[in-house]
Each structure stands twice: as structure tokens, then as C-alpha cells.
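> Protein chains in written order, with the working numbering: chain A, 49 to 521; chain B, 176 to 277.
Note that these hints are calculated values from the structure, not bench results.
One or more hints might be untrue.
Unchecked claim - As a list, the in silico EDC-like pairs of lysine to aspartate or glutamate whose alpha-carbon atoms are at most 16 Å apart: (1) A/K283 / B/E182; (2) A/K300 / A/E518; (3) B/K200 / A/D285; (4) A/K424 / B/E225; (5) B/K218 / A/E161; (6) A/K390 / B/E214; (7) A/K520 / A/D290; (8) A/K341 / A/E440; (9) B/K264 / A/D371; (10) A/K303 / A/E339; (11) A/K520 / A/D301; (12) A/K424 / B/E257; (13) A/K145 / A/E379; (14) B/K200 / B/E214; (15) A/K424 / B/D188; (16) A/K283 / B/E234; (17) B/K184 / A/E386; (18) A/K158 / A/D285; (19) A/K390 / B/D188; (20) A/K390 / B/E198; (21) A/K490 / A/D320; (22) B/K264 / A/E458; (23) A/K380 / B/E257; (24) B/K218 / A/D417; (25) A/K299 / A/D462; (26) A/K334 / A/D349; (27) A/K490 / A/D462; (28) A/K303 / A/D442; (29) A/K145 / B/E257.
Only a predicted model underlies this, so the values are computations on that prediction, with no experimental measurement involved.
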Amino acid sequence: MKLNELTIAEARKKLDAGDITSIDLTKACLEEIKNQNPTLNAFIEVYEADALEQAERSDERHSRSECWGALDGIPLGLKDNLLNQGKETTSGSNILKGHISAYDATVVRKLKELGAVILGRTNMDEFAMGSSTEHSAYGPTKNPHDLERVPGGSSGGSAVAVAAHLALGALGSDTGGSIRQPAALCGTVGLKPTYGRVSRYGLMAMASSLDQIGPFAKTAEDAGLILEALQGADKMDQTTSDHAAFVPEWKKDLKGVRIGLPRQAWGAGMHDEVRSEVMKSVEILKSRGAEVKEVDLPYADEALAVYYVVMPCEVSANLARFDGMRYGLREKGLPLFETYAKSRAEGFGPEARRRILLGTYALSRGYYDAYYLQAKRVQSMIRRAYEQAFSEVDMLVTPTAPNPAFRLGEKTSDPLTMYLEDVFTVGVNVAGLPAVSVPCGKADGMPVGMHIIGRHFDEAGILAAARVFEEKI
Amino acid sequence: MALTTNEVKQLADLARLDLSEDEVKAAEQDLENILGYVERLQKIDASGAEPFAMPARTEWREDVSLPCDHASCEIILSNFPERSGDLLKTPGVFESPKGKKA
């Protein structure tokens with residue numbers, strides 16, 4: 049087996065036993081990147097020299113019988129919207145081409161303090177807006193299972209880096225499904241933690257009330273190892289929680305676990321094979337002892353509408369800072385207004401511009417109550433609907449995405465059809481819940497993901513269920 | 176709900192986006208489709224629900240300026256689109272705004 053194909057847990061054991069070195073592991077990933085990245089375009093930039101140096105330091109620690117934790121010496125990828133001091137960071141946008149991070153995001157600082165090896169930054173839809181990684185200023189990323197299809201998005205580069213074994217794990221961000229949907233479409237595990245579990249300090253904001261950083265990994269166990277490293281309250285992010293830390297609680301079976309299938313989610317509008325593969329997977333959960341029943345989850349459809357009001361409102365505010373003044377692209381030699389307007393029109397791609405306009409509209413005088421305020425009220429109702437469902441069951445299961453990976457260019461001309469790909473994932477962000485996507489079969493020959501949603505801060509429960517499922521298949 | 180060309184142009188001005196005529200036309204169509212979709216929210220009786228706010232800690236950290244080491248300062252300066260020594264160069268602020276719209 050090639051070293052880059054190991055899971056983090058397997059690599060940890062071999063590193064600890066002295067069977068392999070971090071240099072071996074890092075070189076194997078760099079080699080695979082050289083072979084595959086020109087085709088896949090998963091990484092925008094690779095830090096070869098830095099990665100080898102970090103690996104060497106990890107090996108030196110090992111020789112002194114010192115280990116900084118589960119991720120010491122493990123090669124990982126970072127989504128291009130996470131600040132990494134001294135490195136270019138662009139959020140997949142033209143407007144930030146050449147922009148150098150002045151400081152480390154909290155999650156990046158934590159990975160460095162734990163001795164992880166950072167391989168490079170991964171491709172993404174511009175400012176994390178999109179479900180296909182086609183909206184990147186650095187070209188689309190390709191799905192390793194079929195190069196004519198998209199990897200999903202917005203964290204498509206991180207999903208592909210893990211699926212194609214260019215990295216042992218990677219970080220992404222998830223505002224409406226941007227970790228879970230590409231994980232499903234590429235056949236990896238993707239975890240969106242509870243809102244407040246992981247600090248967003250140094251994550252370039254898209255919609256601050258919905259954004260959350262999380263891991264891509266080959267297994268649920270590895271996703272847990274990365275989450276343990278990332279989590280925790282942070283004085284630089286007022287929305288991080290003091291809730292008890294995530295600690296894995298692996299189980300032998302699912303006896304006593306109650307799983308709900310939301311009636312509203314399993315209606316029309318999904319690919320037949322996606323439905324049958326996820327249904328088969330639910331049978332496996334049942335065979336492992338889970339008690340499965342249908343539950344009512346009102347306003348499931350409205351969650352997507354709430355999302356497409358609240359998110360663009362926050363986008364229009366968060367992206368106002370890109371004005372050509374202190375950093376980023378500036379069209380020069382113009383008066384003030386024209387400098388703003390031309391720099392932003394030139395720097396932002398079509399999807400970013402669309403959402404800025406939509407948010408500007410929904411927040412403007414006369415429309416604020418009808419759109420933003422109403423959406424925030426319905427958001428409360430959606431959260432109550434989830435609370436009600438979780439009074440009857442311990443977790444909810446749906447497909448992660450209604451369709452397998454679509455073809456490049458298939459959904460770029462009609463934004464609404466692209467938005468509908470998020471129908472199963474956005475509710476989780478609207479309600480601030482944790483959810484994981486686990487590979488569970490094939491449709492059209494492409495990977496399918498099962499989506500397991502948990503109560504607030506119950507990452508241990510959903511990852512344990514995911515792991516029991518992985519062991520069965 | 177349909178937006179007129181002028182309304183879209185006004186939005187683009189508010190958002191400081193210099194769009195071409197074609198881009199304004201495309202935006203009209205896109206906004207109409209998306210607003211048509213999200214309008215289902217208006218049909219819900221949400222009068223009994225409070226607008227939601229994500230939970231956040233209520234104690235604030237002290238508002239203090241943190242030291243910035245030389246290397247970080249250099250990075251911040253290097254990100255300036257135009258500079259004059261260690262100063263950020265900007266267009267004149269007191270020129271009249273575009274058609275007095277702004």
C-alpha cells in the first residue's frame with residue numbers, strides 16, 4: 049500500500065512504531081500531488097519546501113520520543129479561505145490574487161502547534177459560494193471518479209485532495225453544505241461541526257452566522273481526530289462555545305440508538321439510485337441495532353429559502369470590505385466611487401456579484417421586514433422543528449445531496465438549479481447542528497453520501513454511528 | 176417579483192459594482208428567479224416567532240491594541256494596493272461622488 053493511501057489513524061500507529069517517517073509520508077503525498085494535481089486542480093498552491101521542513105521537525109521530535117499529538121507529522125490540506133501567515137490566501141477570488149495572510153487563523157495555529165504538516169492550499173468556489181468549485185478564479189477542480197464531473201463545492205479542492213489521496217485529511221468550511229456535499233460527491237467523510245464548536249477567527253467570512261470549519265477525512269475516526277485538534281472556545285471568536293469538548297465515544301453497535309427519517313426530506317426530487325443506496329444504508333444501520341422510524345420535520349423546504357435570504361444578506365455585508373482600498377485588487381487612476389465600483393466588478397466573479405446584489409436588495413429599505421426579518425423568524429421555527437424531532441429520535445438520516453456529481457458546466461447557467469443541490473444540507477446550518485456525510489454506495493457509477501444529523505454538540509454520536517456503518521460495509 | 180432595469184442599476188450602485196448593460200440584464204433575470212423561489216417564506220405565518228440570533232458569549236474581551244511584530248507589519252504594508260513609504264495611498268475622498276447618487 050502506498051503511504052499516502054493510509055488513514056491518519058493507521059499512519060499514526062506506523063509513525064509511533066517507527067515503521068515510517070513523516071518525511072516518507074509527506075514525500076508520498078507530494079509525489080501523488082505531482083502526478084495528479086495537474087489534472088485534478090485540487091491544490092492551488094503546494095508548499096513543498098515548508099512541508100518537508102515541517103516533516104523533518106516531526107521526525108526529529110520522534111527521535112527524541114516526543115509527540116505533539118495525533119496529527120504530529122500528518123500531511124494535511126487547507127482550504128484557500130483559511131489564513132496562514134506569510135502565505136498567499138485568496139478565497140478562490142481574483143480580488144485577492146497576491147494577498148498574503150498577515151496572521152494565522154486559530155485552526156491553522158492549532159494545526160501548527162500540534163505538529164501537522166501543511167501541504168498547501170486547496171481550490172474552492174469564490175468566497176465559498178457554489179456547489180461545484182466551478183466558481184473559482186483558478187479554474188475548476190475535477191472529480192477523481194470522473195474527470196468530466198464536478199467534485200461538488202465549495203470545498204471541492206479539499207474533498208478531492210482526500211479522495212485522490214493527495215493528503216491524509218483536509219480542512220474545509222461549510223455554510224450551507226460546502227463540506228458535506230463535496231465529501232458525498234467525491235466519496236470521502238466530511239463533518240460540519242456544531243456552530244460554535246470551532247473558532248472562525250481567520251476564516252474569510254461568507255455568512256458569519258452560518259459558517260463553520262470542519263474536516264475532510266477518509267474515515268469517521270480520522271474526522272474525529274481532526275475535530276479534536278480544531279475545537280474549543282476562542283476569545284477571538286465571540287460565537288465559540290464553552291460547551292464540553294468533543295471526545296470520541298466509539299461503539300460496537302447501534303443498540304438503543306433511535307434514528308429518524310424526516311418524511312419531508314424523502315419526498316420527490318432525488319435521483320432514484322441515491323434514494324435506493326441511502327435506503328439500503330439505513331437497513332444496515334437497522335441491522336446494527338438502530339431503531340428507525342419516520343419523523344415529521346416541518347419547513348424542510350423553507351430552510352433553503354431562509355438560507356438564500358440570510359446568506360446573501362451577510363455576504364453583501366461581509367464582502368463590502370473588498371473595496372480596493374487597503375488590500376486586494378484596485379483599479380487605479382480613478383475617482384473614489386469609480387475605484388470602488390470598477391475594482392469590485394473586476395475582482396468578483398458572477399456568483400459573488402449575484403449574491404451581493406441579492407443581499408443588497410433584501411436589506412434595502414422597504415424590503416428588510418419582508419425578506420430578512422421574515423427569514424429570521426422562520427429560522428426560529430425551523431430550529432424548533434428540529435428540536436421537536438430530536439425529542440423523538442437521537443439522529444436524523446437523509447441523503448447528503450439529491451444527485452450524484454453532475455457534469456462540468458451543467459448547472460452554471462441557471463443559478464437556482466445549483467442552489468437546489470443544497471436542499472438536504474442547508475437546514476443543518478440554519479439550525480446550527482452538527483452533521484456528517486459518509487460514503488454509502490454509487491449512483492450513475494459515482495459516490496453517494498449518507499447524511500447523519502445530530503443534536504447540538506453531539507458530534508460523538510453521529511461519528512460513532514458513521515463508524516459502525518463503515519465497519520459494516 | 177420582477178425588478179426593473181433601473182432598480183437593478185440602483186442596487187449595483189448601492190453595492191458599488193460597475194456592471195455592463197448585459198450584466199444588468201442577466202442580473203434582472205437571476206434576481207427574478209431567486210426572489211420567486213424565496214417568496215414562499217411570505218406565505219408562512221411567523222408572527223409568533225422571534226427573529227433568531229445565534230447564541231454568542233455575552234462577556235466581552237478587553238478592547239486593547241495588540242503588539243504587531245515587524246514581519247506582520249511588513250505583510251500588511253505589502254498588501255496595500257498603492258503605498259507611499261509606510262502610508263496607504265488612496266484616491267481623493269472629497270471629490271464629488273458619481274452623479275451625486277452615492
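> Evaluate each hint against the coordinates.
Verification of the supplied hints:
1. A/K283 / B/E182: The given pair, whose Cα atoms are some 42 Å apart, is violated under the 16 Å limit.
2. A/K300 / A/E518: holds (12 Å)
3. B/K200 / A/D285: Violated, at roughly 40 Å.
4. A/K424 / B/E225: holds (8 Å)
5. B/K218 / A/E161: violated (51 Å)
6. A/K390 / B/E214: Between A/K390 and B/E214 the Cα gap is close to 32 Å, so the pair fails against 16 Å, i.e. violated.
7. A/K520 / A/D290: Given pair A/K520, A/D290 is violated - Cα atoms ~35 Å apart, limit 16 Å.
8. A/K341 / A/E440: holds (9 Å)
9. B/K264 / A/D371: holds (14 Å)
10. A/K303 / A/E339: holds (8 Å)
11. A/K520 / A/D301: holds (10 Å)
12. A/K424 / B/E257: violated (41 Å)
13. A/K145 / A/E379: It holds: about 13 Å lies between the C-alpha atoms, which stays within 16 Å.
14. B/K200 / B/E214: violated (21 Å)
15. A/K424 / B/D188: Answer violated: A/K424 to B/D188 is near 26 Å, above 16 Å.
16. A/K283 / B/E234: holds (10 Å)
17. B/K184 / A/E386: holds (15 Å)
18. A/K158 / A/D285: Measuring from Cα to Cα gives roughly 15 Å; hence the hint holds.
19. A/K390 / B/D188: Given pair A/K390, B/D188 holds - Cα atoms ~11 Å apart, limit 16 Å.
20. A/K390 / B/E198: Distance ~13 Å between A/K390 and B/E198 Cα, so the pair holds.
21. A/K490 / A/D320: At roughly 11 Å apart (the allowed maximum being 16 Å), A/D320 and A/K490 satisfy the hint.
22. B/K264 / A/E458: At roughly 44 Å apart (the allowed maximum being 16 Å), A/E458 and B/K264 break the hint.
23. A/K380 / B/E257: holds (9 Å)
24. B/K218 / A/D417: At roughly 14 Å apart (the allowed maximum being 16 Å), A/D417 and B/K218 satisfy the hint.
25. A/K299 / A/D462: violated (44 Å)
26. A/K334 / A/D349: Given pair A/K334, A/D349 is violated - Cα atoms ~27 Å apart, limit 16 Å.
27. A/K490 / A/D462: violated (26 Å)
28. A/K303 / A/D442: With a Cα-Cα distance of about 12 Å, the restraint between A/K303 and A/D442 holds, given a limit of 16 Å.
29. A/K145 / B/E257: holds (15 Å)
This entry does not satisfy hints 1, 3, 5, 6, 7, 12, 14, 15, 22, 25, 26 and 27, going by the numbered hints stated previously.
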